[in-house]
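Trainee: Each protein sequence line maps, in turn, to chains A and B.
For the first sequence, our numbering gives the first residue as 1, with consecutive numbering after it.
For the second sequence, our numbering gives the first residue as 1, with consecutive numbering after it.
Among the clues, some could well be false.
To be verified - According to the in silico footprint, chain B covers these stretches of chain A (three or more CB under 8 Å from chain B): (1) 57-64; (2) 102-112.
Said to hold, decoys possible - In the EDC-like style, the derived pairs of lysine to aspartate or glutamate whose C-alpha atoms are separated by at most 16 Å in a straight line are: (3) A:K132 - A:E97; (4) A:K27 - A:E16; (5) A:K212 - A:E186; (6) A:K75 - B:D142; (7) A:K132 - A:E120; (8) A:K132 - B:E226.
Hints are computed from structural coordinates only; laboratory data are not their basis.
Note that CB positions come from ideal geometry on N, CA and C, so glycine has one too.
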Amino acid sequence: MSIEIKDVHKSFGALEVVKGVTMTVEKGEVVSVIGGSGSGKSTLLMCINGLEPINSGHILVDGTDVHARGTDLNKLRRKIGIVFQQWNAFPHLTVLENVMLAPRKVLGKSRAEAEAIAVEKLSHVGLAEKLKVYPSRLSGGQQQRMAIARALAMSPDYMLFDEVTSALDPQLVGEVLDTMRLLSSEGMTMIVVTHEIAFAREVSNRVAFFHKGRIHEIGPPAQVIGAPREPETVAFLKSVL
Amino acid sequence: MFSSVSAFFAPLFETSFSLNDLMFMLKGAGITLALTFWAVLGGTLLGVVFGVIRAISPWWVNLPIGIVLDIFRSIPLLIQLVLANSFKTIIGVRWDSFTIGCIVLALYCCSYCTEIVRSGFLAVPATTRRAARSLGMSWTQDLTAIVFPIALRVGLPSWIGLTLGVMKDTAMVWWIGVVELLRSSQVIVTRIQEPLFVLSIAGLIYFLMSFPIARLGARLEKRWREND
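Using the sequences provided together with the hints, build the complete structure.
Mentor: See the structure below:
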């Protein structure tokens with residue numbers, strides 16, 4: 001049970017953004033990915049659940065090749081939850097309906113079952129009071145927690161977080177990080193692309209530093225963030241801390 | 001000024017307009033409603049199909065559809081009706097004028113509805129659709145559960161406007177021999193020679209038919225806006 005990324009290359013037109021990345025995330029691990037803008041870290045995340053095609057290499061999720069011809073991506077995505085920088089609420093549905101939608105449509109749950117799941121997940125992220133509200137009435141932090149609950153409602157084995165606090169007002173960042181801390185404490189396998197270095201240091205088993213489409217340094221947070229070996233890592237940490 | 005007003009209202013007190021005439025006009029109004037119903041139904045169904053095709057297909061599919069729809073939108077409806085009616089005779093089909101009227105109006109409605117659907121479809125952010133797909137929803141599920149409901153909210157005001165426009169445009173079907181509301185009014189005017197009075201009644205009937213649709217649209221819009 002793992003996500004294996006093997007020598008993945010990804011280009012947008014002539015621009016190669018991921019230049020041969022290899023790493024493995026074991027079940028139960030929390031791996032944070034840090035690095036400057038345009039270093040390819042978000043793109044790699046989109047490739048893991050097949051939202052973006054890759055040019056070469058392989059990504060295996062529990063042994064299934066994501067980008068192989070016969071892979072049923074809709075089925076594969078059930079076990080990989082993803083939360084985006086822009087929370088992407090479905091504006092025409094209430095908070096409860098937002099979370100109920102995928103269990104009903106994708107897993108074929110009954111209305112009652114889906115509602116029970118949604119209420120449980122929304123309570124888990126602290127939104128039990130907001131079930132009947134439309135997303136536009138929520139703060140950014142609440143919408144982002146709703147997006148987390150929406151992904152959790154599919155009972156995924158892996159959670160991917162793509163700079164989920166970058167678009168939030170500073171005072172709302174904490175509540176979202178708390179929710180992610182909760183998940184990591186429950187043993188959720190997570191790949192977290194983030195600019196929150198302190199958070200990465202606190203929750204991660206390993207930290208990967210991305211630079212120009214490659215992993216420059218990967219290891220325990222105490223090493224990568226505490227005592228970086230590569231000059232690029234040192235320069236990056238200096239610029240953000 | 002005063003004399004013209006009194007001339008306008010004089011027939012109210014002294015008119016040859018009979019209950020039979022009113023019934024005749026209401027029958028015409030029934031035809032107007034039927035024309036509107038079929039034209040908007042057909043035009044909307046076709047418009048949804050072409051609108052979605054236009055929103056998702058490459059330029060070489062898009063361009064020919066766009067040109068054909070532009071033709072329907074650019075040529076005056078009256079000319080389209082007369083041409084279609086003659087064309088019917090040339091190719092030898094035995095459809096009545098009502099059917100021809102419905103078909104021409106439906107194509108006309110479709111040409112506008114396609115653009116409403118296309119722009120509504122494209123108004124749904126790609127990131128929202130990506131979020132739906134990331135949950136394991138298929139392309140079709142994304143379409144029915146996310147894209148259509150959001151596009152509907154974007155496009156409804158224009159669609160209501162289109163429906164009201166088509167209802168008024170049905171009046172032109174008179175030219176190919178369909179006795180709808182305006183034509184039936186004209187028949188009565190010719191007989192009793194009270195054009196202002198008869199046309200006022202016709203206008204009132206048009207208003208009574210349009211008003212509920214406009215109100216329904218406004219109510220839906222208001223309900224949806226409260227969620228934004």
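Trainee: Does the stretch 57-64 of chain A contain three or more residues whose Cβ lies closer than 8 Å to a Cβ of chain B?
Mentor: violated (count 0)
Trainee: Between A:K132 and A:E97, is the straight-line Cα distance small enough, at 16 Å or below?
Mentor: holds, 8 Å
Trainee: Mind checking the alpha carbons of A:K75 and B:D142 for me, to see if they're no more than 16 Å apart?
Mentor: Holds, because 15 Å separates the two Cα atoms, which is no more than 16 Å.
Trainee: So if I understand the rule, the pair passes when the alpha-carbon distance is 16 Å or less; does A:K27 with A:E16 pass?
Mentor: violated, 29 Å
Trainee: Would the hint linking A:K132 and B:E226 be met if the CA-CA limit is 16 Å?
Mentor: Distance ~13 Å between A:K132 and B:E226 Cα, so the pair holds.
Trainee: Are the Cα positions of A:K212 and A:E186 separated by 16 Å at most?
Mentor: violated, 33 Å
Trainee: Do three or more residues of the stretch 102-112 of chain A come closer than 8 Å to chain B, measuring C-beta to C-beta?
Mentor: It holds: at least three residues are needed, and the stretch 102-112 of chain A offers 3 whose Cβ sits within less than 8 Å of chain B.
Trainee: Check whether the Cα positions of A:K132 and A:E120 lie no farther apart than 16 Å.
Mentor: holds, 14 Å
Of the numbered hints listed earlier, those contradicted by the structure are 1, 4, 5.
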